[in-house]
Amino acid sequence: MAETQIEWTDATWNPVAGCSIVTAGCTNCYAMQMARRLEAMGVPKYEGLTRKSGKRAIWNGVVREDRAALDIPYGWRKPRKIFVNSMSDLFHDAVSEDFILDVWRVMRETPHHNYQILSKRPKRMAEVVARAIPDVLPNVWLGTSVENADVVERIDHLRAVPAAIRFISFEPLIGPVGAVDLTDIHWAIVGGESGTNARPIREDWIDEIYTRCETFSTAFFFKQWGTWGKDNKKRSKKANGREYRGQIWNDMPMAPEII
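Those letters in the sequence shown? Residues -14 to 244, per the numbering used here, in order.
What the hints contain is simulated information worked out from the structure, not anything from laboratory work. Yeah, the Cβ is synthetic: ideal placement off N, Cα and C, and Gly gets one too. A couple of the hints might just be wrong.
Stated by the list, open to error - Straight line, CA to CA, 30 Å or less: simulated DSSO-like cross-link-like pairs of lysine-lysine:
1) Lys63 <-> Lys30
2) Lys40 <-> Lys219
3) Lys37 <-> Lys63
4) Lys37 <-> Lys219
5) Lys108 <-> Lys66
6) Lys30 <-> Lys108
7) Lys40 <-> Lys30
8) Lys40 <-> Lys223
9) Lys222 <-> Lys37
10) Lys218 <-> Lys66
11) Lys40 <-> Lys218
12) Lys66 <-> Lys222
13) Lys40 <-> Lys222
14) Lys40 <-> Lys215
15) Lys223 <-> Lys108
Unchecked claim - Just the calculated beta-carbon pair ranges, DEER-fashion:
16) Ala224 <-> Val47: 34 to 44 Å
17) Pro147 <-> Tyr59: 20 to 30 Å
18) Asp135 <-> Gly60: 34 to 44 Å
19) Lys215 <-> Ser81: 42 to 52 Å
20) Trp61 <-> Leu86: 18 to 28 Å
21) Ala134 <-> Arg62: 39 to 49 Å
Please model the entire structure based on the sequences and the hints provided.
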């Protein structure tokens, strides 16, 4: 699972598989359905990670560390932006601290790549990084997901993490987030939800984040409208496109002085 269609990265790397639902942003997680499909294809790593709920597959809380996958980035000679654990969360409680440190070792030994770690558990991220990881790697970007105002406290936990680049994924954006403090946040990704059960996104929620990005000089990346367009009509993701305010926003963060 190296190549990806995710607009803000070049490849995915999954040394961990499996997760559990924590907040409303997890409800329609694409990774749950993908894990079920991979299990049906006979991929052992994804066996027994989900259960059926009606017609959907949902995480059952089983998390699997894949030591064999740790070797993968060494074989990628061309520099890439790598999304770490698109099929899980590196800072899930079931992932051992020793394994997290092994992931860090790989990232340290492959400095030609930039690694993007996105977690819905930034409190544990802050605790583990502060306690067990002595050096800030310039090629490791640390981020959290914020889907609505109910979870904006994640930003404060993220801000406490020593990192070269901190970023927030406001995706799926399913509600307003308010006047969020983006101090020391270098990048914001915004996107609507896709799929059959997608929840609508509203343009004024995006406007609010865009304005905060301007205020705090945070790079703004608009990933997609998703299944619901700015006219609040439900269509395919492709039909709704990525245009916001008359243009495509692909801004990426510049590595600042490490703080």
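Notebook entry, point to check: Of the hints given before, which are not true for this structure?
Noted result: 3, 10, 15
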